[in-house]
Amino acid sequence: MKRLNLFLVGVLVILLPATAGVSGCKKKDANPFPASGAVMGWEKTSETRTFEPKDLWQYIDGGSEQFIQAGVVSTTTSDYKYQGQIETVVDVYTMSGPDGAQTILERGQTKDAQNVSLGDEGLQYAQSVSFRKGRYLVSIVAYQSSASTPQALMALAHGVEANL
Amino acid sequence: MKSRREFLKGAATGAVILGAESSLGLSRTLDQQTEKDKAKVVIARDPALHGPDGKLDEYRLGDLLDRAIATYTGRKRPVDAWRHIVLEGGAKDKVIGLKTNGLGGKGISTHAVLVFAIAERLQQAGVKPSNILIWDRNARDLQACGLTINTDPKQIRCFGSDVSGFEDVVENWGSSHARFSRILTRECAMVINLPILKDHSMSGVTFAMKNMYGVVERPQDLHAGGCNPGVADLNAFPVIRQKIKLTIGDAITSVYEGGPGFRPEHLWQPNALIIGEDRVSIDHIAWGILDKKRTEVGLKTLEAAGRPPLYIATAADATHALGVNDPQRIKLIEV
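Note that the protein sequences, when read in sequence, are chains A and B.
Those letters in the first sequence? Residues 1 to 164, per our numbering, in order.
Those letters in the second sequence? Residues 1 to 335, per our numbering, in order.
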C-alpha cells in the first residue's frame, strides 16, 4: 500500500508539470478567432486560413514583402460579419518577435489614427482597428461603415486580444 | 514584316507606337484623328457616379462607359463602337476574355457592375454569351469583385486559372520566366484588361501592366526590384503583346496609400474610367493621378516615398518597346 501510494505520488509529480506544460502549449497555439456569438453581434463567416511566409503573396501579393522583412512566421485570417451587415476581415500576423509587430504597426500609421487601449499598442480608424500584443499583430478591417462600426470593431478586437 | 532590329530601331527613335506596329492595329484604325506618333488615352469622369448613399449607380456607370468608348473609338453608338472593337481585335466569333483584378479583396477590386456593363455591350454587338469569359487568378479573386463562378459553356463563363491550370512550358523573356494561364493561351482570342487603380507597396503603382501578374502561375517571382523589370518583361511576352487588346481601367474607387490591399483610411473615389491600348501610357497617367491625390492629402509622392514605378520607363525602353511614357507623345482626352 505504501509502495502504491509512493507510486501514485510519483505519477502525480510527473503528470502535474506535464499538464501545465501542455496547458502552456495550448495557450501558445490558442485560436485567436472568436467563435460566432462569442463577441456580441459578431458571426464568424469563413473558415480560418493560414499562410506560411513563402505563400503569403497569395493572400496579399506585394504587401507580403514588408511582413517577411519584419519577420512574419505565420498569418491567419478569417471573415466576420456584424449584425448580418458589416463584413469584416481579421488578420493575425505571428511575428518572430515584438519588434516586428511594432515595425509593421507603426509603418502603416497615419495622422488620422487614434490611439486606443488594446494590447501593447492599438490604432483605430473609421473602418479598421490594428493592434500589437507581444509578437502578434492584428488587423481588423470592415468593408462597410456605419455609426456603430468603430465600437463594434473595438469589441471584436478585444475578443481577439483575449485569445492571444 | 519588320525584323526585330528594325522594330527596335524604330522604337528607339520614338517612331513606334503600340498599335501602330503591333499585330493589333486597333488604335490606328479606331481613331483616324490621332495625332501622328501619339498614344491616345481617354479619361471619362462622373462626379455623381456614387449616389448620396455611397452606392455605385449602375446606370450612370453604363453612360460613363458609353461616353468613354465613343470618345476613344470616334463612334457615337455603343453598338457600333463595340462591333468595331471586336472586329479589329480579331475576335469575331471567338472568345473574348475580361481580365479583372480581385487581389486586393472586397472593397478594392474591379467592380462587377463595370464587368457586366461591358459584357452586355459585347452581346449587343453580336458576341454570343458563350464567347465571353470573365477571369482572374482564382475563384476568391473573382468573388472579391462581386462575381459568381460559372463554367456553363452556354452562358457567360466566369472562372479562374485555378480551374484552367497553367501551361506546362516555362516561357522566357529577358530575365523573367513564366507559365501562362491556359485561359489566356488556349481560350481567349482577345482580352480586354480591367485593372483597378491602386498604390502598391513595391511597384508604386498597380494598374494596366501589373494586372498581367494575374495571368501567370508564379507572380511572386516577378516582384524583385520593385517589380522592375518584372512588370515590363511580363508585358513583353508575345502572348500578352498579341492578346491584350484594350484596357478599360477601373478608377471608380482607388487606394492611394498602403496598397495593394484594401485600406479604407486611404480610399478615394476618382469616379473615372481610363481607356487605351497603350498600357505604358495608361500607367504613366495613373502614376500622375495617384501622386496628385497623395500630394493633396499631405503624403509624399511615390518617388519621394522611395517607390517610383520604375517599370514604366523600362516598359517604354528600346528593348521592351511596349509603349509611350513621354507626356509629349501621349494624347490625353478627358471627358
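Calculated from the structure, these hints are not laboratory results.
Treat the hints loosely; a few may be bogus.
Claimed, not checked - Using 20 Å as the maximum straight-line C-alpha spacing, the simulated DMTMM-like pairs for lysine to aspartate or glutamate come out as follows:
{"no.": "1", "chain 1": "B", "residue 1": "Lys-300", "chain 2": "A", "residue 2": "Glu-87"}
{"no.": "2", "chain 1": "B", "residue 1": "Lys-76", "chain 2": "B", "residue 2": "Asp-37"}
{"no.": "3", "chain 1": "B", "residue 1": "Lys-92", "chain 2": "B", "residue 2": "Glu-120"}
{"no.": "4", "chain 1": "B", "residue 1": "Lys-106", "chain 2": "A", "residue 2": "Glu-106"}
{"no.": "5", "chain 1": "A", "residue 1": "Lys-54", "chain 2": "B", "residue 2": "Asp-326"}
{"no.": "6", "chain 1": "A", "residue 1": "Lys-111", "chain 2": "B", "residue 2": "Glu-265"}
{"no.": "7", "chain 1": "B", "residue 1": "Lys-293", "chain 2": "B", "residue 2": "Asp-93"}
{"no.": "8", "chain 1": "B", "residue 1": "Lys-300", "chain 2": "A", "residue 2": "Asp-112"}
{"no.": "9", "chain 1": "B", "residue 1": "Lys-154", "chain 2": "B", "residue 2": "Glu-167"}
{"no.": "10", "chain 1": "B", "residue 1": "Lys-293", "chain 2": "A", "residue 2": "Glu-43"}
{"no.": "11", "chain 1": "B", "residue 1": "Lys-94", "chain 2": "B", "residue 2": "Glu-187"}
{"no.": "12", "chain 1": "B", "residue 1": "Lys-94", "chain 2": "B", "residue 2": "Glu-120"}
{"no.": "13", "chain 1": "B", "residue 1": "Lys-38", "chain 2": "B", "residue 2": "Glu-265"}
{"no.": "14", "chain 1": "A", "residue 1": "Lys-54", "chain 2": "A", "residue 2": "Asp-91"}
{"no.": "15", "chain 1": "A", "residue 1": "Lys-44", "chain 2": "A", "residue 2": "Glu-161"}
{"no.": "16", "chain 1": "B", "residue 1": "Lys-154", "chain 2": "B", "residue 2": "Glu-217"}
{"no.": "17", "chain 1": "A", "residue 1": "Lys-54", "chain 2": "B", "residue 2": "Asp-93"}
{"no.": "18", "chain 1": "B", "residue 1": "Lys-300", "chain 2": "B", "residue 2": "Glu-334"}
{"no.": "19", "chain 1": "A", "residue 1": "Lys-54", "chain 2": "B", "residue 2": "Glu-296"}
{"no.": "20", "chain 1": "B", "residue 1": "Lys-128", "chain 2": "B", "residue 2": "Asp-221"}
{"no.": "21", "chain 1": "B", "residue 1": "Lys-106", "chain 2": "A", "residue 2": "Asp-120"}
{"no.": "22", "chain 1": "B", "residue 1": "Lys-154", "chain 2": "B", "residue 2": "Glu-187"}
{"no.": "23", "chain 1": "B", "residue 1": "Lys-292", "chain 2": "A", "residue 2": "Asp-91"}
{"no.": "24", "chain 1": "A", "residue 1": "Lys-81", "chain 2": "A", "residue 2": "Glu-65"}
{"no.": "25", "chain 1": "B", "residue 1": "Lys-292", "chain 2": "B", "residue 2": "Asp-46"}
{"no.": "26", "chain 1": "B", "residue 1": "Lys-106", "chain 2": "A", "residue 2": "Asp-99"}
{"no.": "27", "chain 1": "A", "residue 1": "Lys-111", "chain 2": "B", "residue 2": "Glu-187"}
{"no.": "28", "chain 1": "B", "residue 1": "Lys-55", "chain 2": "A", "residue 2": "Glu-87"}
{"no.": "29", "chain 1": "B", "residue 1": "Lys-106", "chain 2": "A", "residue 2": "Glu-161"}
Quiz item: Which numbered hints turn out to be false for this structure?
Solution: 1, 2, 4, 5, 7, 9, 10, 13, 16, 17, 18, 19, 20, 21, 23, 24, 26, 27, 29
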